[in-house]
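If you read the sequences in order, they're chains A and B. The first sequence begins at 23 in our numbering and counts up one residue at a time. The second sequence begins at 135 in our numbering and counts up one residue at a time.
Do not take every clue at face value.
Label pairs and their calculated CB-CB ranges [to be verified]:
| hint | chain 1 | residue 1 | chain 2 | residue 2 | range |
| --- | --- | --- | --- | --- | --- |
| 1 | A | H37 | B | E156 | 17 to 27 Å |
| 2 | B | Q171 | A | D43 | 45 to 55 Å |
| 3 | A | H37 | B | G208 | 23 to 33 Å |
| 4 | A | T118 | B | S175 | 42 to 52 Å |
| 5 | B | G199 | A | D66 | 34 to 44 Å |
Keep in mind the hints are simulated off the structure, nothing from the lab. None of the values given here were measured: they were computed from a predicted structure. Glycine is no exception: its CB is placed at the ideal position from the N, C-alpha and C atoms.
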Amino acid sequence: MSAEGDPRDLVKLTHDKLSVDTVSDSVTCPSCGAISIFIGTTRDSFEGMKVMQLEYEAYIPMAESELRKIYTDIRARWPTVRHICVHHRLGVVPVTEASVIIGISSPHRGDSLEAVQYCIDTLKATVPIWKKEVYEADESCWKENKECQWTCQS
Amino acid sequence: MTIEVSVFYFAKSAELTGLKSETIRVASELTTVELWQGLVSRHPRLSAVRDSVVLAVRQEYLALGDVRVSLRDGDEVAVIPPLSGG
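My request is simple: use the sequences and hints to build the entire structure.
So, in structure tokens, the structure goes:
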């Protein structure tokens, strides 16, 4: 639990396993009745192929600045939002573990719920992070979010 | 006038060039498509992703086209394949 203070904008890109408790604790505040959390996890199959491993890489300084732009948008659209925290994992992520955790607090639940949805949708469209799925027989594929404007629509 | 910029390659573009980054000399005033063509002339295999990448110049996204950029010594350029974070 944290004491009341200035609104926090927290970003962490890490190779370590992510923790929901850490994210939740970082956005907790006495004036907030709601903490909304989104966890993005890694699936074990794609179009019938078994995913052995996922690997993430990022353009780290630009990922941080794009996330902070999203935070600015969130605060403009949902002014009651108190604290915002995004943790994204990099490197190898075992299947079923979390690749991203978003936590947002607000006095009442409407704003944090909507802000979390906006945050993950916009992250997928604008934050320079890439995921590679590695399948059996050493095949791999760089994924492309449909939210990204320069993904080829085929 | 030519200046030196750092170029960062990510995801598929890093696999095609075999590089994560390099330093190159380019004209200080050019379009994004001219900048791209300069990269392809150094790494012809990059042409495979021409239709699916954008560039980032000083950490702002720019499409490949007639977009004019003014580059300064030490600026960062990055090749940005389709994003897959989250």
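Going through the hints against the structure:
| no. | hint | verdict |
| --- | --- | --- |
| 1 | A:H37 x B:E156: 17 to 27 Å | 24 Å, holds |
| 2 | B:Q171 x A:D43: 45 to 55 Å | 50 Å, holds |
| 3 | A:H37 x B:G208: 23 to 33 Å | 28 Å, holds |
| 4 | A:T118 x B:S175: 42 to 52 Å | 44 Å, holds |
| 5 | B:G199 x A:D66: 34 to 44 Å | 40 Å, holds |
This entry satisfies every hint, going by the numbered hints stated previously.
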